[in-house]
Every structure is written in structure tokens, then in C-alpha cells.
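Student: Sequence:
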Amino acid sequence: MPKVNDRRSIVRIFWSSPNTQPPEGSETLPDGRTLWACTVLDRAYEREIVAEHAPRVKPGCGWCHGWSAYYPPVTRWSPERKANTRRRRLRARLERQVPLLADMEEADELSRRPSYFSASGIEATDRERDARDRC
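Under numbering that gives the first Met the number 0, residues 0 to 134 are what the sequence shown spells out, in order.
Please note that the accuracy of each hint is not assured.
The following label-pair restraints were derived from C-beta to C-beta distances [claimed, not checked]:
1. SER15 <-> ARG126: 35 to 43 Å
2. TYR69 <-> SER114: 50 to 58 Å
3. SER119 <-> PRO29: 37 to 45 Å
4. GLY24 <-> GLU79: 51 to 59 Å
5. ARG80 <-> ARG131: 20 to 28 Å
6. ARG75 <-> ARG6: 21 to 29 Å
7. ARG87 <-> ARG6: 30 to 38 Å
Read the hints as simulated data drawn from the structure, not as lab findings. Using N, Cα and C, we set each Cβ at its ideal position, and we do this for glycine too.
From just these sequences and the hints, can you work out the full model?
Tutor: Following this line, the structure appears as C-alpha cells:
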């Protein structure tokens with residue numbers, strides 16, 4: 000999910016007819032259908048950028064103006080960071096709930112679910128989840 004204040008977008012001019020090819024001599028990008036593309040960092044200036052830099056095309060000639068949101072790639076915590084955070088939060092929770100028995104309860108929980116609190120177990124779980132999500 001993108002950040003709320005992420006205002007980036009991609010504007011482009013592309014050949015919109017799926018059944019025909021762009022005219023011969025059109026200098027397109029490597030995909031063969033895009034005439035011009037620009038990543039706009041702030042949508043407040045989007046119209047100005049298009050008006051100033053986009054090539055002029057006549058409506059109905061096959062070229063189309065397009066807009067799409069830019070979603071940055073999802074960043075995930077490393078398994079080591081997840082494991083450390085889980086152990087730290089477990090310790091804090093136990094210190095709040097049972098301060099006198101926190102050491103014993105922590106050792107019991109770590110021995111009961113070692114894969115949940117270890118980086119290797121988290122990495123295996125993440126791999127399984129990613130494989131399941133790809134299907």
C-alpha cells in the first residue's frame with residue numbers, strides 16, 4: 000500500500016488500438032507502443048509537464064493519453080529484524096503482565112514456539128507464504 004502523501008504518477012502517450020501497429024517512422028520506446036512516458040513526482044505539476052513536454056497528437060489518430068499511479072515496491076523487514084522485534088515485544092508484554100515470572104515465561108514461550116521467534120523459522124514461513132501467493 001502506498002503512503003498517503005505519495006503523489007507520484009506516470010503519464011504517457013501510447014498507441015491505444017490493440018489490433019493495429021503505430022504508424023511507420025514513429026519513434027516509440029522499446030515496448031513498441033509507447034510514444035512518450037514521464038514519471039511525475041508531484042501531481043500538482045502534472046498538467047504543466049504534459050503541456051510543456053508531451054508530443055502533440057491529434058485526438059482520434061490512434062494515440063492516447065494515459066495515467067497510472069506509481070506504487071513503490073513493497074519493502075519487508077528482514078527475518079532477523081522480525082525475530083528480534085518478536086522477542087523484544089514478548090519480553091515487554093511479559094514484563095507488564097507478570098513481572099516476577101517474566102524470565103520463566105519467556106523461556107517457556109521461546110521453547111514452545113522456537114520457529115516463530117527464530118530468523119530461520121520466519122524465513123521459511125515467508126518463503127511458504129510467497130510461494131502460496133504466487134499461485
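Student: If a hint holds in the structure, say so; if it does not, say that too.
Tutor: Hints, one by one, checked against the model:
1. Between SER15 and ARG126 the beta carbons are some 40 Å apart, a value that agrees with the proposed interval 35 to 43 Å.
2. About 37 Å separates the C-beta atoms of TYR69 and SER114, a value inconsistent with the hinted range of 50 to 58 Å.
3. Between SER119 and PRO29 the CB atoms are about 41 Å apart, so this pair conforms to the stated range of 37 to 45 Å.
4. For GLY24 and GLU79, the hinted distance range of 51 to 59 Å is satisfied, since their beta carbons lie about 55 Å from each other.
5. The supplied range of 20 to 28 Å is met by ARG80 and ARG131, whose beta-carbon atoms lie about 22 Å from each other.
6. Between ARG75 and ARG6 the beta carbons are some 24 Å apart, a value that agrees with the proposed interval 21 to 29 Å.
7. At about 35 Å, the CB distance of ARG87 to ARG6 agrees with the hint of 30 to 38 Å.
In this structure, the one hint that does not hold is number 2.
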